[in-house]
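Chains as they are written, first to last, in UniProt numbering: chain A, 1 to 183; chain B, 1 to 183; chain C, 1 to 183; chain D, 1 to 183.
Incorrect hints may have been included.
Across the chosen pairs, the derived CB separations fall in these ranges [what the hints assert, rightly or not]: (1) C/Y33 - A/D108: 37 to 47 Å; (2) C/R163 - D/K119: 21 to 31 Å; (3) A/M27 - C/E19: 22 to 32 Å; (4) B/E10 - A/W153: 42 to 52 Å; (5) C/Y33 - B/V25: 47 to 57 Å; (6) C/R111 - D/K29: 33 to 43 Å; (7) D/R48 - C/E19: 26 to 36 Å; (8) B/G26 - C/E155: 23 to 33 Å; (9) D/N34 - C/Y33: 19 to 29 Å.
Worth flagging that the hints you see were computed from the coordinates, not collected in a lab. Glycine included, each C-beta is placed from N, C-alpha and C at the ideal position.
There are 4 protein chains.
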Amino acid sequence: MAAAARVFSEKGFGGASLEDVANEVGMLKGSLYNYIKSKEDLLFAVVRPDADELLMKARRLSGTDLPASEKLRQIARVHVEIIDRKLPYVSVYVQEIAGRGISQEWTDMDREYMSLIEKAFMEGVEAGIFADDLDVRVATRCFIGSLNWMTRWYEPGDPVRARAVADQLADVFLAGALARSRN
Amino acid sequence: MAAAARVFSEKGFGGASLEDVANEVGMLKGSLYNYIKSKEDLLFAVVRPDADELLMKARRLSGTDLPASEKLRQIARVHVEIIDRKLPYVSVYVQEIAGRGISQEWTDMDREYMSLIEKAFMEGVEAGIFADDLDVRVATRCFIGSLNWMTRWYEPGDPVRARAVADQLADVFLAGALARSRN
Amino acid sequence: MAAAARVFSEKGFGGASLEDVANEVGMLKGSLYNYIKSKEDLLFAVVRPDADELLMKARRLSGTDLPASEKLRQIARVHVEIIDRKLPYVSVYVQEIAGRGISQEWTDMDREYMSLIEKAFMEGVEAGIFADDLDVRVATRCFIGSLNWMTRWYEPGDPVRARAVADQLADVFLAGALARSRN
Amino acid sequence: MAAAARVFSEKGFGGASLEDVANEVGMLKGSLYNYIKSKEDLLFAVVRPDADELLMKARRLSGTDLPASEKLRQIARVHVEIIDRKLPYVSVYVQEIAGRGISQEWTDMDREYMSLIEKAFMEGVEAGIFADDLDVRVATRCFIGSLNWMTRWYEPGDPVRARAVADQLADVFLAGALARSRN
DNA sequence: AATGAATGAGCGTTCATTCAT
DNA sequence: GATGAATGAACGCTCATTCAT
């Protein structure tokens, strides 16, 4: 599983051969079929647990009565924390599955995750703590894009930094770059 | 070229065969070799002009003495405008080249574009118009991630909307979601 | 085509590899795909023309107003003549397709051929020239079985002998082994 | 054994995997090797007992002083009876072994069975009860072909019908289809 | 006697690439 | 400039067989 995640994230799902995966674990490609039913199967098996975990945590946060800004911050933390811990897995998800209409099931997961974030943005607007001319759809997609893009630059293995990055990301989306006139 | 962009963006570079491309343009795959030297060649040819254009426009804007916030807004506009006009090409770039270390040349382009944006953020901080605790590296990468992620959700063909989306994106990154206390 | 017929008839369709076929014609197995779409495709292409020919000739004979015994004799001649001329092709048909429910189309062909022969037997019974206690279904199937079994013992390449064998086969089915009391 | 017969007769020897066989009997393919030495071994084991039985019974009948026509009738009965009782086994024999030169041993069995029948035909001719222009070789092969072809159409499990079919088959080969002028 | 895991060879198929015409 | 045919390597997958447990 970990080998597959590594190989898929390096070469892409299409570009990686099962022989590559098998070599990583020191067996022949045919032997993999004692564990998987097909290459696609392996892809889904690699990617599903963390996708499930993230969605579940986001659901839980969404159900909370935290203020919108706090919800978004926490979601960012959770998301980055998974990236930090399981980067190859998440990379594979982002590159091979997210936003591609692979199957109804995956499309539904994608959409639900997005709509949880969108709801947080909307709650913020409705509560008056977010600007009322905020374009919620665009903000949501940029928020997610920023998180997913981390798979292309974040260097994992440092939970403290993960937390810091998540907070900075949240700061940008909440307060923006401009200096606040505090008076 | 356009055919290749379409095919590569739909099926991915690895997943598309030269026969697919040839079919799109009504010839046999062998005949493509009258125009290209290799499949990889074709990939670069598809992607280069718009990458060049975007980089050049960003360079020009960066050299301006516009305020940092305006530079970022304009870069966003230019970037989104190209996405709107050439989505398949940009998609291929984002999925197959950006942030993968394909070659020194492409890595350099990537890096330069990123550093132009990072410079704008830094100028803003130095000029005091951006918050002085802004994490410039993170902000830059999120900015770019948000733009690149648009290739996964933006529906092209509407320059007016492209402009609007770019502005909303810039608004988020500049002012954030929180309502400003205007006084 | 001829190479495939030879190889399939020697090793069986399942036991033969496309590499075997390719070797017979001096190319690599991949090159076969310039001519066929799949291995199954090749099987059908090998087998169809003669199957069609035999069915058409049988239809024509069936439509005639020859006496039943003559119809059967002529069908036997036509059938054996094709075996003599195209043994490998017919062998493949008999071993891989006949009576196996490969597809509706082939099942229909099989059934039609059989029913043409059955009809001849029935005509003979109705006309009173065949014994009225003849079991038409069994006779038909034995007739066809005898012809198809020839693919396992007949040595082709001698049209004169083919004709003789067909006549002897017809004699057996018409007059049987017993000596007629000629009076 | 029965499982193997079923599987081989359904999918063919080449098309069936040992895993198919193992599944039928509720174990894993590896475990089969506690009972067999190889896949081919299994094939022979499946097929041998009934082949032996049929040959032995045919030998015994051949040694009798029954008239030729009665010998043939009895052989047909025995043959069809085995088909009725053990269709999958016989199917495998007919499709995978009969008339293919698998090994000397099997070829010998085939040949002996055929020559027993041929001898009966010859006896009939010599005794003057069969037509003296009967082509014994062809008649023999058609007789066997008719019997073997039954594996493709006969529906087993009804000994009474088996007996009837055998008799009808014998009637065809002895008396033919033509109505006898009884006088 | 059975399991689960591994092997190694082979197969059907795809595809980038070449090249004579 | 295009075609059609060929190549050679790779790939996903299957399977008979082996073997330690």
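Results for each hint:
The given range of 37 to 47 Å is respected by C/Y33 and A/D108, whose C-beta atoms sit roughly 39 Å from each other. Taken as a hint, the range 21 to 31 Å holds for the pair C/R163 and D/K119, whose Cβ atoms sit roughly 27 Å apart. Judged by the Cβ atoms, the range 22 to 32 Å given for A/M27 and C/E19 holds: they are separated by roughly 26 Å. In this structure the supplied range 42 to 52 Å is violated for B/E10 paired with A/W153, their Cβ-Cβ distance being about 26 Å.
Checking the proposed 47 to 57 Å range against C/Y33 and B/V25 shows it is violated: the Cβ atoms sit about 22 Å from each other. Distance hint check for C/R111 and D/K29: the Cβ-Cβ separation is about 38 Å, which falls inside the suggested range of 33 to 43 Å. At roughly 33 Å, the beta-carbon separation of D/R48 and C/E19 lies within the given 26 to 36 Å, and the hint holds. The hinted range of 23 to 33 Å is not satisfied by B/G26 and C/E155, whose Cβ atoms lie roughly 52 Å apart.
A hinted range of 19 to 29 Å for the beta carbons of D/N34 and C/Y33 is inconsistent with their spacing of about 42 Å.
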